[in-house]
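Student: Below are the chains, spelled out letter by letter.
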Amino acid sequence: MHASRPVSLATRGLRKDFERPAVDGLDLTIYGGEFYCLLGPNGAGKTTTLRMVVGLLRPDGGTITIDGIDALARPEDAKQITAWLSDEPMIYEKLTPYEYLEFVAGLWRIGAAAAQARARDLIGWLGLEDQAHTRCEGFSKGMRQKVALAGALVHDPKLIILDEPLTGLDAGSARLVKNVLRERVAQGGTVIMTTHILEVAERMADRIGVIANGRLIAEGTLEELRVKTGTGVASLEDTFLALVADAAA
Amino acid sequence: MTTPATLTWLAGHEFRLGWRDLTSLMTAGGRRRRRNAILAIVVFVVAMHAFANWVVKNYATIDIGADPLILLTISSTLLLSWALLLSQAMESVTRIFYTRSDLDLILTSPVSARKVFAVRMARIAGGAAMMALLLASPFINVLVWHGGPRWLAAYGVVAAMAATATAVALALTVGLFRLIGARRTRLIAQIVAAVIGAGFVIGLQILAIFSGGTLSRMAALHSPWLLERVPEAGSFMWLPAYAILGDRMALIAVALGGLIILAGAILLFSGRFGEHALAAAGVSAAAVRQRRGSLRFRPRSPASALRRKEWLLLWRDPWLISQTLMQILYLLPPAVLLYVTFRHGTDAFVVLIPVVVMAAGQLAGGLAWLSISGEDAPDLIAAAPVTPARVLTAKIEAVLGGVALVFGPLAAVMAFESVYAAVVMALGIVAASAAATFIQICFRAQARRSQFRRRHTSSRIATFAEAFSSVAWAATAAVAAGPSVFALIPMAVALSILLGIWVVRPRAA
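Taken in sequence, the protein lines are chains A and B.
The working numbering applies: residue 49 is where the first sequence begins, and numbers increase by one.
The working numbering applies: residue 9 is where the second sequence begins, and numbers increase by one.
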């Protein structure tokens, strides 16, 4: 199925130790145009993995390749086509969304005209028109997350990596974010997302990876995971709990 | 155990919060840092007592007399200290208004908000008194040691001063709220606090310059013009001075007066405090719209985008602006001195240059912390396709650009009088700013910009090094302006400080 598609992200033997191994020889292969959800219990190593992929943490071992670029040897080239969005949106309180997007466009060396057009589109899609020139300091969590998402998309990344992006969002904002991500995948982009909301993974993911103790314990479509656990038509929640229980046993 | 929700229970809660705030400010929570903090306090107390012994030992036997010069000197010193206390109290009151922290909990609890805020105001007074006593007690102790227990009355006077300073701070801040509203009060109150703190010293210095041509405050007090106009010996204006000298009735009057004024302010303002605090909390939630003039994106390199971002954030930081204004305000006395001296045809560079250089170093230290450590979106910067070296370079450029913007015009004006002095001043500004930035780079620790007030807790070494480095560069510039080759000596000291910082810097930085 994936043979004809380019690999968007590949990790081989990825390892990171804190006081104990947080990520323990992780091999991941995610293809272009794929919506991939990374699931796992708290402390499984999901966030550590993603932070290493986007260059926020230096791995203790292993390799990371993004769209054929060695992300450890050529981090700037890899970052140029990658976007990162965490659960706690980090934006500047004293900047307006428009100024924030202009700043991000500058960091990613996007031409002014292209960035401006893209910023206008994003601000429109995310319903931020009325707040585009208002400082972010009074924004709600959902509004901040939208601004951060717009910042992540303004440079038109090939690979978008999101860590719990729906945490704390209201239903309307969550739907908006999901629609924007679906749109990106439809246009050929790759989305990798961690979430604790299993219904989201069930509905949106092309493939799901389950991590426990820093290792990939299962991977595939929801159907493949069900087959693997022998849970039949069970929900992803049942399947996930069965996989994690097996790994712990 | 006290009954919950009573005044004493609330006071106990406030005391616990205040104590933890103080210890965390001094130790940043580390056990080793706590030991170091205790050691530093012991050293400080001993050094202050030695210093106090040198300064006030000879005054311990002064009688409660009617010498107007003594009364004037003591009263002026008290007024000066009171101005600083008022400044500190205003800063505390403003902070309590604008810090949301437990406001939701307080205002949704069944406890009377008036009661809670009354206790909180008393805490501000307590904090101000503690800070004042910390600095005054070595002097009082030395006076008691050499002059007898009558000097213990000074403790009562200091407490009364803290009480009145808090009361006036409350009145001023609440007055500002009513006059200009919650949005503008924060910035204006910070500026007023800074100006009050600095203004009295500066005013006296300017007076001294005009009357004696020196920066000595005491010269102004000795002027016959002033001595002829002071009130009679029996005037109530001298009550605090008499109280300090051990007059019991004066002490009772001052202490009672202080308590009554504070109690009156608490009664008057505690009811409105919740209302104003809510309005202040609403400010952070209220929209601040920028002009729509920036609709067009401009082509920018990562470095240019970073510099612009830093400058925008600095420009929109009200606290920083008030601090910068204060730095400039401190330059006023030497500027006046320069004017007075030039009028008589004598060089005054030696006085002006080190003040400017030191102020530049201090400003650069603050800006460098905000730009380099106080990054609110570290993940965004780290995930951007820009090398860490380029990010750091752009931030350093933003800091030095900010310093140049403030101090460049001063050097330019100086060039009209003497090109050599202007060059020395400019080099001094660059050196002091670069040194302060270097120290911040060596000790950088990721933090939010809102933690600026607590930046000193991250490293005492960096704090002291920053101050000593500024002093050393100021001395270098002053001697070089002479001109004299002996400027190499303070320069060597300044470079040694930087070398020491490089050696002891945390390796993770």
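Watch out, some of these pointers could steer you wrong.
Interface residues of chain B toward chain A, partial, derived using beta-carbon atoms under 10 Å [said to hold, decoys possible]: (1) L77; (2) S84; (3) R131; (4) V203; (5) G205; (6) S312; (7) A313; (8) W323; (9) E383.
These are calculated hints, taken from the structure and not from any lab test.
Virtual Cβ for every residue (Gly too), placed ideally from N, Cα, C.
Student: Under 10 Å is the threshold here; is the Cβ of L77(B) close enough to any Cβ of chain A for the hint to stand?
Tutor: violated (52 Å)
Student: Hint validation: A313(B) versus chain A, beta carbon distance must be below 10 Å. Holds or violated?
Tutor: holds (2 Å)
Student: Quick check on the hint: S84(B) CB to chain A CB, less than 10 Å?
Tutor: violated (41 Å)
Student: Given a cut of 10 Å on the nearest C-beta pair, is the interface hint for G205(B) held or broken against chain A?
Tutor: Result: violated, 26 Å to nearest chain A Cβ.
Student: Return the status of the interface hint for R131(B): holds when the least beta-carbon distance to chain A is below 10 Å, violated otherwise.
Tutor: violated (28 Å)
Student: Against chain A, run the beta carbon of V203(B) and see if the smallest gap drops under 10 Å.
Tutor: Status violated, d = 24 Å.
Student: Does the nearest C-beta of chain A fall within a distance shorter than 10 Å of the C-beta of E383(B)?
Tutor: With a closest approach of 9 Å, the E383(B) hint holds.
Student: Any CB of chain A closer than 10 Å to the CB of W323(B)?
Tutor: This interface hint holds because 9 Å falls under the 10 Å limit.
Student: Can you verify the interface hint for S312(B): is its Cβ closer than 10 Å to any Cβ in chain A?
Tutor: At 7 Å from the nearest chain A Cβ, S312(B) passes the 10 Å test, so the hint holds.
Consistency with the previously given hints fails for numbers 1, 2, 3, 4 and 5, ordered from lowest to highest.
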